[in-house]
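Order-wise, the sequence lines are chains Z and P. First residue of the first sequence? That's 541 in our numbering, and the numbers climb one at a time after it. First residue of the second sequence? That's 569 in our numbering, and the numbers climb one at a time after it.
Check the hints yourself; a few may be wrong.
[Said to hold, decoys possible] Dumping the calculated DSSO-like pairs for lysine-lysine here, alpha-carbon to alpha-carbon at most 27 angstroms:
hint	chain 1	residue 1	chain 2	residue 2
1	Z	K824	P	K677
2	P	K599	Z	K892
3	P	K677	P	K762
In case anyone wonders, no lab produced these hints; they're calculated from the structure.
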Amino acid sequence: MKLRLFHKFFFAFLTVGIAVVAMAGFLIERELRTDLTTRIDDEIAAEARIIALMPAGEIARHAEELAERARARLTLIDATGRVTVDSERDNREMDNHLDRPEIQEALLKGVGKAVRYSLTLKKDMIYVAVPLQEGSRTTGYIRLSRPLTEIALATYGMGKTVFAIMLAIVVVSLTIALLFSLKMLSPIHKMAVFAGQVRTGNISGTLRIDSRDEIGQLAECINEMVAVLQEKIRTADAEKRKLESVFSNMREGVMVLDAENRIESVNRGIEEMTGRQHRDVIGKTLLEAFRNSKLHDALERFRVREETIYDEIGLGDNRPVMMDVTFSAFRGETDAERKTILVFHDVTRLKKLERIRTDFVANVTHEIRTPLTAIIGFVETLQRGAVDDRGKTQEFLRTIHENAQRLNRLVDDLLILTGIELSETNFHPERLTIEGALDQALAVIADRVSERKLKLFKEIRQDLPPIRADKDSLIQVLLNILDNAVKFTPEGGTITVTASPGAEQDLIVRIADTGVGIPKGEIPRLGERFYRTDKTRSRELGGTGLGLSIVKHLMKAHQGRMVIESSLGRGTTVSLHFPIFQESI
Amino acid sequence: MEEKRHINIQYDKELREVKDSLIYVGALTEKAIEQGMNALLNRDTELARQVIANDILIDRLDIEIEEKCIRLLALRQPAAKDLRFITTAIKINGHLERIGDMAANIAEKAIILNQEPLLKPYIDLPRMAEVAQGMIKESLDAFVNEDVALAHKVRKDDQIIDNLNEQIFRELLTFMMEDPHTIHRSLIISQISKLLERVSDHAEGIADMVIYMVTGQSVRHKPASAENG
């Protein structure tokens, strides 16, 4: 950069300098040459005229001496052009000279001059000829000639001077170019470096140039430009960051496909929903990344119809996820900029709630109808006359009573559940010791435990902190869990109740049985209303299908939680986590 | 195929299409096995019928993919890796089609079993199905990502399936000996177990072809333990 400008300066100065000197040299040389030639001309012309005054015989006799005196070559030519005498050559070898231009000119004008290459002497010669006259008759010509070496010597001397001047010019222009380029270049170089920095993205700092000329103005402009650029980039950056944070933080999954339908970007929502990492899906097609035929079908449909479409698609490796997917197009200016935007909305929970609701209605109807059918059936039988049979009547009435009670229990449970859900139950959390509540609950089921010959172990540490709970609710929770343990543990089994402090400022009550166990896939559904793992058996045992649901909701109201672990055939452990009582609350 | 672009864009597109179709069928068969097993485990006859109906689509795609491959072979005369890819595609296609058929078979058995009381809670069968499904999934992942290491893992997993298959058979044998009423159901469960075992064999076949496609080495009919041990 720097060098290039320096070169430009240098060559410019050099060219101009050398051109001027060369031109001057050329002109001076020409002038000098003409001047010298004229002078020599005149000189030898004068000499020739003087010699011409001598008679021809004298000239011939003293030719060499005359030539020496005149510092020239002397040639005597007679009127016919024959050379009679030559000071430097044998006249007999020389041809007729009448056709020589100087002779012709002398014949016409009285004096003839010519500069030409002498074939005789093999050098550039200047010739001057004057006629020899006797009276008005021309008897011959006297010609003097001198070589041009004199002139050459003179011009050579001048050439040396010119060359020296040129050399001086080279040196001077080098110096000037160096100074100039340094002076000019230092700011320009600074600007270039600064612009380079800006190009690579480093747009901090300003350009400092102390100059008021055009370069200073240019620097000022660059500074303003950079300031504007900085502002623009900052705004764009802020905007981009804002969009990015929206993009990555939104719960919905967003995916962008490029023109070739390869995944260009996904947000965190997608990673969370599908369990696939960013790097595993970028650059792949939907099929490669998710291998889901429905998703692929939906994309195909979208491409054909070219309009926003919605679809519900099951995705996810570890847990099934129900997605509501919206396809929309982003049309760029060219086909290559065409993108497809997929927005995934996780509707798994919604779907589940929907199912639970429909299940609930179906279940309630079913649960109510079963005892009602029995009651109506027996009442009708009694009406038809069975009432007269005392034994039968007693039996029927007992069945009717049982079913009515079952209905009652169901309605009670439903009321409790609805109450908790609507937060309308009288929920009074207070400072309680777990042991007191446990003893009360165990007392209620004691009869059934001994009836089924179950072994009951209670291991409760004495130093347990008090918990914060509503007394009635706490007993209800413990009763429901214990009730299940008793129901589903075969005769001779064991129920173990332990209580110990937990890790998170809580107290854990574990009720473990050696019962039938629960299939792993069903555990998450246990808190659902009317959900039964073994439908017929549970109902035989008099369950309403609402017990665990009530526990789940009550635990939630206590800000605690219930954890169920189970293995088929080995038994189930229910852990209830209660928050520890704290004075400040 | 991704790294080297062919001069002929159309050819590239056709190769892509074959790969996409294969992955698509892969997705369908994967789903079919999952649904077939769910139909059995959840005693969901409706789902089982659906699986059987869906097999028609897999069969149709099987023919389509094969035709595409043959067309490519005939018209493009592929060489080197492309040739290996297409031959591999033909074979993987066959494996997938068979897996699809087996999913339908499992669904058929599920319908029969759903009409009778539960013999016992399924414990080993779901585990076996889980491993087999994992093998299909991983063999297809290996195909998509050209992941040889994953393909080798699939080959090793086949042993787990074989062990479970034997275990289930022994257990069923005791059931049948104890109570002749269970023979019918036991035999069907045994058949399902055998079907799953064959599904895993096909998954292994896919893995073999992936190894061949990527490395050019044939590992078929060689025990999985021999090459890494």
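Pair hint outcome, Z:K824 versus P:K677 [Cα-Cα no greater than 27 angstroms] = violated, 37 angstroms
P:K677 paired with P:K762 [C-alpha distance capped at 27 angstroms] = holds, 12 angstroms
inquiry  = Given the hinted pair P:K599 and Z:K892, is their Cα-Cα distance within 27 angstroms?
reply    = holds, 21 angstroms
Hint 1 from the list above is the single one not met by this structure.
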